[in-house]
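> The residues making up each chain are set out below.
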Amino acid sequence: MSDTTNQLLVNLNALVAGLFLLTGFGIVAMRQARGCLNLFIVQSLLLAASAVLLGLRYTSDHLYGVALVNIISKPIIVPWLLRKTSPSEIYTRREVDQGLNIPTALLIALALAILAYFLARPLLNAVAPEFRGPNVPIGIAGLLLGAFTLTVRREAVPLLIGLLAMENGAFLCGIAIARNLPLLVELAIATDGLIIVFIMGVLTRAVQKQIGTTAVGELASLKEATVEPAEKEVAK
Amino acid sequence: MSVILVLLLPLIATALVCLPFKKSWAAGVTVMASLATLILSARVAWLVSAGDSVTSDLSIGWLKWIAVDGLSALILVLIAFVATTAAIFSVGYMAHGNLKPGKLRLYYINYNLFVFSMLAIPVLAEPTLVWIVVELTTLCSALLVSFENTREALEAAWKYVVLSLMGAGMALFGFLVLFAAMQASGSTDAYTWNNLIAAAPAMPPVLLQTAFLLILIGLGTKVGLVPMHTWLPDAHSQAPSPVCALLSGIETTSILYVILRLFPVMQGAPNSHAETWAIVLGLISVGTAAFLLLQVKDYKRMFAFSTVEHMGIILTAVGLGASVAGYGAMQQIVSHCVTKSFCFFAAGAVLIAVETRQIASVRGLIRQSPIAGAALVFGGLAIAGAPPMAVFLSEFTILKAGLTQREYVATGLLAIFIVIAFFGIMLHVNRMVFGTRENENGAESSNNHSEPENKFHLPFSCRLALILAAIPVLVLGFYIPQPLHDLLTQAAAALTK
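Protein sequence lines, in the order shown, are assigned to chains A and B. For the first sequence, the residue numbers in the working numbering are 1 to 236. For the second sequence, the residue numbers in the working numbering are 1 to 497.
The shape of chain B in the complex, shown without the other chains (with noise of 0.2 Å):
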C-alpha cells in the first residue's frame, strides 16, 4: 500500500498547490509532501532490504503493473531523498527571484508532477509503461528547464525536449521488439521485467539483441551517454538550480536504471554483448567528458559534464560484470546522486552570490560568501572523487573489482580518465573559489575595501539544504550502514540473473 501511497502523494501535492494561497503555501506543501514521499519510501527500502514483500497486499490485478525489489527500492529512496532536499532548496532559491505568485505555481506544479513521474518509473514493473513515464521525465521537466524564459534558457529546453523524444521513439520501437521476441519464444505470461528474464532463454537472439541496441541508444540520449549527450549540459545548466539537481542527481540515474533492468534478461540469451557495449559505451562518456570538463567555461556546465562522466562510470562498472563490480556500480549510484545533487546546491549558492555562470568572471568567492565558496570546494572535492568522500570509496570498490576481474585495460583507462577529471574539477573549483582577479593588484585591494556591503547572505532554507546534503555525502564516504548495504546487495543481484 505504501507503494501506491509514494505515488499519490506528489499527485496529491499537485492538486494543492493550485489553490490560490500565499506564496509561502505552494513551498511549504511541495516541501511537507516530499518528506513524506520520503519517510513512506525509506520505510519500503527498509522492508525491502529485510527481504519483506511490500506488494503483497496489493491485489492481483496490480501486481501486473507494480513490483519492487532492491534495485527499484533503492532508486526510489533515492529520487525521494533528492526531491526532498531540493525541495527545501527551492524555497530560499526561488524566493530570491521576486517571481509572480502564479509563476511560482507554476514552478511547483511542474516540480510536483516532475517527481511523480520519476518515482513512476522504478515501481513501474511493464517495460511500455516504463517508456510511458520515462516520457512523461522529459515533458514534466521541460518547462522546469525553460522556466527562467531566457533565449538560452529556451534553447536549451526545445534542445532537450527534441533530443530527448527522439531517443524516446527509438526506444518505444525498441520495446515493441523486445515484447515481440517474447512472443516468439512462446511465453504466454504478462510483459514484466521478472517474465522477460525467465522468457529470455527461448527468445530470438536477432529479436533480443536489436531491442537492447534500440534501448540502450533510445534510453541512452536521456542518461546523456556520448555520443547522444550533446543536450545535456545545456539543459542542465540553464534550469533553475534546484531543477538540475533533480535533473543531473537523480533523472539520468533513473534513466540508466531502466537500462540496467535489461542486463539480466541479456544474460540469459547465449552471446549476447551486453557487457562489452556498456563498457565500451561507458569508456567513451567517461574520457569525452574528463577531456570536456577541462575546458568548460561555466561551472553548472562543469558539474553537467561530470554527470556524464559518472554516468559513464557506473555503466562500465556495470559492464565490468561480477557482483563486486555490480555492487561498485549501486554505491557509485548512490554516492552520485547524493554528491551531484550537493554540487548543484552549491552551484545555486554561488548563483545568488554572485548572479554569473561564468568561471573567467567568479574570483575570490571564499571573500564574497564565504558559505557559497565552502560549499563549492567541498562539493567539487567530493564530486571529483577526493578521500574520505562517498564518490571515492564508490570508485575505490569499482577499480578494484575491475582488476580483480583482470580487465585492466578498461580498469586502467577507467582509473586515468577518473584522475584526469579530478584535476579538471579542481582547477577551475580552485581558481573561482581562491583566484584573485589576474589583471590588476591595486583594485584587488579597493576590492576589499567594498567587500563588506556586498557580503552576501545566503537564504535560511539553502543552508538548511546544503547541509542535509551534505551528510551523507560525508557519512557514506567511511561507513556504510547495514540496511543500505543489504539493500545494495541486493540491488546488485537484481543486475545479475
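Chain A on its own, in the form it takes in the complex (with noise of 0.2 Å):
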C-alpha cells in the first residue's frame, strides 16, 4: 500500500477516534435513556470503524472479526435485548437529579480526558511505534469516562450503558496494542456483553416491580447502621 494512503487511513483512524471520545462525553452528559442508549450505539459503530481501519492499514483480517463482532452485537443484540428483558418506560424516563450538574459534569469528564493523556504516554513510549496512535489515550479516556458516568448516573439504563462503554474504551486500547488476540477470546467478550445486558435487564424488571422505579440510585439502605427496627422489637 502506498505512502499516502496510509496516511488516509492514519487520518481516518485519528477522527474515528475523536469522534468516539465525543460519543463518551455525551454519554456522561445526555439525561435521557434513549439517548444515552443510542450514542452507545454510535460509539460501538465507531469502535468497529476504527477496527476496519485498522486492519486494512496493518492488513489484519482479524481485526475485521473484531468489527464484525461489533457491528452485530452491540447497535443490534443489545438494544433488542434490553427491549425483551427490562420494562418499556425506562426508555421514556428523563433524570431529574443526576448526582451532579451536567456542566459539573463534563468538567470533570474533561479533567479525565486530559488525565488519559498523561497516563498513556509512558504506555505508549514502551511499545513499538506502529502500536502508537490515538486509539490508546482515548480508550483510556472512554474507560475513565464510563467509570464516571457510573458514579454520577442513578437510573439504570445509563448505568448499564456506562459499563459497556468502560469495555468499549478498554476495546479501543485493545484493537491497537493487543491485535493478535485469538478470534475466540472477541467472540466471547462479545458474548459476555450480551450477558450483561440480558442479567442487568431481568434486575431493573425486578427493582421496577419491587419499588417502582428505575433509579437504582435510590436503594441505598445497607449500611452498617441499619439497627433500629431490630432495637425497637427488642424493646417491645
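Be a bit skeptical, because a hint or two may be false.
What the hints assert, rightly or not - Here are the simulated lysine-lysine pairs, DSSO-like style, with alpha carbons at most 30 Å apart:
#1 B:K23 / B:K100
#2 B:K64 / A:K209
#3 B:K103 / B:K22
#4 A:K84 / B:K23
#5 B:K497 / A:K84
#6 B:K100 / A:K84
#7 A:K209 / B:K103
#8 A:K209 / B:K100
#9 A:K209 / B:K297
#10 B:K23 / B:K103
#11 B:K64 / B:K497
#12 A:K209 / A:K84
#13 B:K22 / B:K100
#14 B:K297 / B:K400
#15 A:K209 / B:K23
FYI, nobody ran anything at the bench for these hints, they're computed from the structure.
Fit the two chains together into the complex; they arrive one by one in their own frames, and the hints show the way.
The following block contains the structure:
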C-alpha cells in the first residue's frame, strides 16, 4: 500500500477516535435513557470503524472479525435484549436528579480525558511505533469516562451503558496494542457483554416491580447503621 | 479427560435441572452432580500432587487453553468441596422457604451455572478467557444474590453487579496491556500463564507494572479488598445462606487465585514491587475489617467482613514471600474456605431458627435451638482462629514465616489485627448464643415456659451439611494428610518463579 493511503487511513482513524471520545462525553451528559443508548450504539459503530481502518492499515484479518462482532452484537442485539428484558418505560425516563449537574460533570470528564493522555504517555513509549496512535489515550479516556458515568448516574439504563462504554474503551485500546488476540476471545467477550445486558435487564425489571422505579441510585438502605427496627423489636 | 468432565458435569446438571419433574428432582440432580465433580476433581488433585500430568491426553489445540498445576488443582478441589456441601445444605434450606417449583428450578439452574463458571477459573490457562469466566461468576451469581427479591436483596445484587463489572472493565484493560507487554517482549508463544512467566524478563517494565496494578485493583474489587470492598458485606449477607457459603467461602478465593497467578510473572521483571503492593493492600484490608467486625449489627455481615479480613491475610502472606509464607498462604486458603462455608451454613441454620439477621435480637440461642447455637459457636471459634481448628494452624504458619523473614512490622500488625478480629467475632457470637435478653429478668422466665413449643428442628440435610463441613475444619487443625501437604507445597511453588 502506498504511503498516501496509509497516511489517509491513519488520519481517518484519528478522526474516528476523536468522535469516539465525543460520544464518551455525550454519555456522561445525556439525560435521556434513549439518547444514552443511541450514543452507545454510535460509539460501538465507531469502534468497529476504527478496527476496520486499522485492519486495512496493517492488513490484519483478525481486526475485521472484531469489527464484525461489534457491529452485530452491540447496535443490534443489545437494544433488542434490553427491550425484551426490561420494562419499556425506562427509555422515556428523564433523569432529574443527577449526582452532579451537567456542566460540572462535563468539566470533570474533560479533566479525566486530559489525565488519560498523561497516563497513556509512558505506555506508548514502551510499545513499538506501529502500536502508537490516538487509540490508546482515547481508549483510556473512554474507560475513565465510563467509570465516571457509573458514579454520577442513578438510572438503570445509563448505568448499564456506562459499564458497556468502559468495555468499549478497553477495546479501543485493545485493537491498537493487542491486535493478535485469538478471535475466540473476542467472540467470548462479545457474548459476555450480551449476558451483562440480559442480567442487568432482568434485575432492572425486578427492581421496578419491587420499588416502582428504575432509579437504582435510590437504593441505599444497606449500611452498618440499620439497627433501629431491631432495637425497637427488642424493646417490645 | 477428567478435567474436561469436571467442567461438563455442572453443565449437564443445568440441562437436567431444566426438566420439569418434581421439586426434589432439581435438588437431587445438583447434589449428585456436585458429588461427582468433587470425586473427579479430587482425583485430578491426587494425580497432580503425585506429579502426574492430567492434561497429557488432551489434543494440542486444547493444551493451549487448559492447564492444571498444583495451585489450580487446589482451588479446583476446594470449589468442588464447597459446591457439594452447599448443595446438600440447599436441599433443606430451600425446602424451608416453600417456594414454587419454577422458582426453585431457577435457583438450581443458576447454582449449577455459577459452579461451572467458578470451576473454569483455575482450569483455564489463557488470561483473557479467565477474565471472561470471572465475569461469568458475577453474572451467574447476581440472580442468586437477588433471589429473595426483597428491596435489600435487589440493592445488594445491583451494587454487586455494577461494582464487580466496573472492576472487571479495569481488569480487562489490564489483561490487554499484559498481552501487549508479551508481544513487546518478542515472544510469539500463546498467551498463557506459563508463557507469561517465561516472557516476563524481556517485557517493558512499565507495561507489566501497569497491567499488574490494573488487574490487582480491578479483580481486587471482586475479592473484596479494602477500599473496593463496599459491595461485599451487602451481597454476602443478602443472598440465601448456601449461596453465601459459595460466594464467601470460595468465589473470593478463586478470584484471588487469578491475582496470585501474576506474582511469578512479576518476580521475573526487574524491581517490581508486587510484594509490597500485596502487603500494603492486604494489611489495609485486614485492619479495616477487624475494626468493622467490632461494630457489625447483622451476623451474616459479620461473617462477610471476616471474609474481607481473611482475603487480606492471604494477600499479606503472599506478599511476605518466601516458600514458608507461600505455604502458609495456601494453607490459609484451604482453612478459610472450609471454615467460612461452615460459618455460613451455621448462620443459615440460625436464620431459619430465629428468622432475623440482627445480632441484637438473637439472645439465648443455645436454649432455642441447640444445634444452631452449637454450630454458631463452633464456626465463630473456628473462623476467629482458636486452636485446635484449621485457621489457627494456618495463621500460626503465616506469622511464624513472617518472623523468620524479619518482616517484624507487617507481621506485628497482622497479629494485632487478627486478635482484634477474634474478639470482635467472639463478642457477638457469645452474646447471641449464651446471652440473656438484657432488659427484663421476669420475661426471661416466661420465655422459658413458652420455649418447648417453638423449639426448632433443623432439616436433616442441613445437619448433614454442617457435619460434613465441620470435619475438615477440625481435622486440618492438627493433621494435614500427606497428599494435601504435597499439593500445598506444589501450589506454593507455583507462587514463585
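> It remains to establish, for every hint, whether it holds in the given structure.
Evaluated hints:
1. Between B:K23 and B:K100 the alpha-carbon distance is near 9 Å, which keeps this suggested pair within the 30 Å criterion.
2. A C-alpha spacing of about 46 Å is found between B:K64 and A:K209, which places the hinted pair above 30 Å, so the restraint is violated.
3. A distance of roughly 13 Å separates the Cα atoms of B:K103 and B:K22; the hinted pair therefore holds under the 30 Å criterion.
4. Taking the CA atoms of A:K84 and B:K23, the gap is near 29 Å; set against the 30 Å cutoff, the hint holds.
5. Straight-line distance between C-alpha atoms of B:K497 and A:K84 comes to about 49 Å, which puts the hinted pair past the 30 Å bound.
6. Our distance criterion of 30 Å between C-alpha atoms is met by B:K100 and A:K84, whose separation comes to about 24 Å.
7. Proposed proximity of A:K209 and B:K103 is supported: the alpha carbons are some 16 Å apart, at most 30 Å.
8. This hinted pair checks out: A:K209 and B:K100 have alpha carbons roughly 18 Å apart, not beyond 30 Å.
9. Between A:K209 and B:K297 the alpha-carbon distance is near 29 Å, which keeps this suggested pair within the 30 Å criterion.
10. Proximity of B:K23 to B:K103 is assessed by CA-CA distance (about 10 Å); at most 30 Å being required, the pair is judged to hold.
11. This hinted pair checks out: B:K64 and B:K497 have alpha carbons roughly 20 Å apart, not beyond 30 Å.
12. For a cut-off of 30 Å, the pair hint linking A:K209 to A:K84 stands: about 16 Å separates their Cα positions.
13. Proposed proximity of B:K22 and B:K100 is supported: the alpha carbons are some 11 Å apart, at most 30 Å.
14. A C-alpha spacing of about 34 Å is found between B:K297 and B:K400, which places the hinted pair above 30 Å, so the restraint is violated.
15. Among the hinted pairs, A:K209 with B:K23 is consistent with the structure: their alpha-carbon atoms are about 26 Å apart, no more than 30 Å.
The structure does not agree with the numbered hints 2, 5, 14 stated previously, though it agrees with the rest.
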